[in-house]
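Asks: Given the coordinates of chain A, work out where chain B should sit on it, guided by the hints.
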Amino acid sequence: MKKSGAQILCESLLREGVEVMFGFPGGVLLPFYDVLPQYPDLRHILVRHEQGAAHAADGYARATGKVGVCMATSGPGATNLVTGIANAYLDSVPMVALTGQVARPFIGKDAFQEIDITGITLPITKHSYVAMDAGSLAAIVKEAFYIASTGRPGPVLIDLPKDVQTELADPVYPDKIDLPGYKIPTRGHPTQLKNAAKLINEARHPLIIAGRGVIISKASEELKQLAEKGQIPVISTLLGIGGFPENHVLCYGMAGMHGTGSANKALDATDLLIAVGMRFDDRVTGNISGFAPHAKIIHIDLDPAEIGKNVAVNVPIVGDVKAVLPALNKMLEPGEHLDWIRQLDEWRKQHPLPDVNAGEGLLPQYIVQQLYEATRGDAITVTGVGQHQMWAAQYYQHTEPGHFITSGGLGTMGFGLPAALGAKVGCPDKTVWCIDGDGSLQMTIQELATLVQDSINVKIAVINNGYLGMVRQWQDLFYEKRYVATPISCPDFVKVAEAYGIAAQRVTRREEVAPAIEQAMAHDGPYLIDFMVEPEENVYPMVPPGASNIEFLEQPKKEVSSWPRTSIP
Amino acid sequence: MATNKHTLVAIVQDKPGVLNRMASLFRRRGFNIESIAVGHSEVAHLSRVTIIVNGSNAMVEQVRKQLDKLIDVVRVSDISAEKITVRELALVKVRASSATRSEIIEIADIFRANIVDVASDTLTIEITGDEEKIESMLQLLRGFGIREIARTGRVAMVRGALGGSKGEKAARKSAK
Chain A
272 MKKSGAQILC
282 ESLLREGVEV
292 MFGFPGGVLL
302 PFYDVLPQYP
312 DLRHILVRHE
322 QGAAHAADGY
332 ARATGKVGVC
342 MATSGPGATN
352 LVTGIANAYL
362 DSVPMVALTG
372 QVARPFIGKD
382 AFQEIDITGI
392 TLPITKHSYV
402 AMDAGSLAAI
412 VKEAFYIAST
422 GRPGPVLIDL
432 PKDVQTELAD
442 PVYPDKIDLP
452 GYKIPTRGHP
462 TQLKNAAKLI
472 NEARHPLIIA
482 GRGVIISKAS
492 EELKQLAEKG
502 QIPVISTLLG
512 IGGFPENHVL
522 CYGMAGMHGT
532 GSANKALDAT
542 DLLIAVGMRF
552 DDRVTGNISG
562 FAPHAKIIHI
572 DLDPAEIGKN
582 VAVNVPIVGD
592 VKAVLPALNK
602 MLEPGEHLDW
612 IRQLDEWRKQ
622 HPLPDVNAGE
632 GLLPQYIVQQ
642 LYEATRGDAI
652 TVTGVGQHQM
662 WAAQYYQHTE
672 PGHFITSGGL
682 GTMGFGLPAA
692 LGAKVGCPDK
702 TVWCIDGDGS
712 LQMTIQELAT
722 LVQDSINVKI
732 AVINNGYLGM
742 VRQWQDLFYE
752 KRYVATPISC
762 PDFVKVAEAY
772 GIAAQRVTRR
782 EEVAPAIEQA
792 MAHDGPYLID
802 FMVEPEENVY
812 PMVPPGASNI
822 EFLEQPKKEV
832 SSWPRTSIP
Chain B
136 MATNKHTLVA
146 IVQDKPGVLN
156 RMASLFRRRG
166 FNIESIAVGH
176 SEVAHLSRVT
186 IIVNGSNAMV
196 EQVRKQLDKL
206 IDVVRVSDIS
216 AEKITVRELA
226 LVKVRASSAT
236 RSEIIEIADI
246 FRANIVDVAS
256 DTLTIEITGD
266 EEKIESMLQL
276 LRGFGIREIA
286 RTGRVAMVRG
296 ALGGSKGEKA
306 ARKSAK
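Residue numbers (the working numbering), protein chains in the order written: chain A, 272 to 840; chain B, 136 to 311.
Chain A on its own, in the form it takes in the complex (with noise of 0.2 Å):
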């Protein structure tokens, strides 16, 4: 029987297991959302800007492991994706984007609302396709799906232009996929995994760096079992928290630009770095001159084009961390590193994290150490972007892959509030929450209302300090303080809550934390709570711009804050 090809995309898309979408209507998918109620497992959450679907959807990705699916119409429709897609696509997260394309004989006559989104998101993409006919739409959605979700995975986009959804094709579901372009890197070549052996097995000072690839490859037991054998300690990159859990022993925190003391003295001295899945962004590496100096490097990766970019590697080893480590651990010999582990406790002595009770004031660092108290560690966090990102990683010690929810690549602001709406879509029986910064907040606060009419409960901790604060704190260390563009007004963030139909309260002491995230946490449904915090606290330590990590910046004296804060009442 023939079928629309509105139909046919709908009954393909439930073929690859997809239960939620996040989108938007507009003219040309009219009869995509037409059909759509045909199809009542194919759950659609209506965002209120598409921006918010692709990071939606970009949340439920990494929350879940699962394809992220977000839908857009075309034209403006489409373009406001591209920032949603630019993210997933620099944190390799697996993402179908659907969007809709004016009828085939328009294209290319700058019809209404007409634009080249392929064109326009060539570089942002792993592939994509302008889907031409009704009948080879199951065939690419098929590819879709696979491209997205293995090797290493990244945002596939669609365009459907509207008579493709209308016209009637006898739907062929193939169960092969014929891509012979597409090659996925597994095992690791042997010689080479030999040669790794034998540097972990001889080395003194090892270090292992782990990245976003143990978690998406699920290898954080096999990370586990490479680090106890060897008795290596591990550091990860900001995407990586969460890979490797950050109460074990031998963990040491994040490394890099805001990385802990001990983690970049530990790059400074080790005399073997084991990268794990990471692919050495500059934001880890700090000056690459001066990054880890005395070591020799073992990088395992799935995508080949990393092996060297940016740091040359002894040892590449080409394969899913997955199916590597565990051939590797294999081959180790029992590892024994009393005194480098007993120098890197040493350094984690000197250079703790800047103390949460300093001070009057109440502290933003403080408000993440007590919603990790309150969770028990157990929330999946999500962030927007800025100094709260950073304070969510370094004080919320994460130990489940896929809790931590950030945008690392692209650090786009804004990412926080509709990243957590995807992410609590796919863990609806985790708790979720969302940290968020006062500007990165305003950029996609609309999505208060997706909250209020899906029925979706985030619980909001809203890190107000009246700046753009990392901004401001580079203008504070590197341009003398001129303070430029940096001081925000907000709105009263309760009376926005309230005004969308959630409940919130602002809180100003720190006394007062604890109990208002108990009420949060109790409350069913979404809740905000407004922090008002020190306005000028600045994230430490700090690997100032272009210098190398072992000359981190740590928190000097305190002094008195200065902006008068006018936009609160």
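Read the hints as simulated data drawn from the structure, not as lab findings. Some hints here could point you the wrong way.
To be verified - Rough simulated footprint, nothing fancy, chain B against chain A, three-plus residues with beta-carbon under 8 Å:
hint : segment
1    : 385-393
2    : 444-458
What the hints assert, rightly or not - From the structure, some residues in chain A lie toward chain B, with a derived Cβ separation under 8 Å:
hint : residue
3    : Ile418
4    : Ser420
5    : Ala576
6    : Gly579
7    : Lys580
8    : Pro806
Small disclaimer: the values here were computed from a predicted structure and weren't measured. Beta carbons: idealized from backbone N, C-alpha and C, even for Gly.
Replies: Positioned in the frame of chain A, the structure of chain B alone reads:
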């Protein structure tokens, strides 16, 4: 870092946008293409792209890997280090009067080039060869006044028995 000339051969699927994807990648990674030539390969639905780029070994290797990641690119190999045959075709329209015509024809003969069009005041010459040969002939013709040049860009192939380079073999295998 020392840069030198690299010859990349890519086997790609005949799909809309594949050249756009490749070109976009070159642009994004800051690469200048010296020459690019595209045509059918010996396998149906697969095209062969010969790309000449200048760059350090590490840079070219990075771009080769990035190209290889494109879904529509079946295989890319850098055949610079192998024994290869490289050819290019050029059409050259040169000003010719009754006084100079025979001299131009003589030059064409020396380069085993063909005269493909004769007009009252021009001659069009077709020449095939490697870059050096074409450049040498152009050098000699410049004095007569070159009106137009059309060049195909270089195509390349590994010399020797069936199979060619390791990369080409793998490409053939994975295309099947």
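Asks: Quick one: which hint numbers does this structure break? Sort them smallest to largest.
Replies: 4, 8
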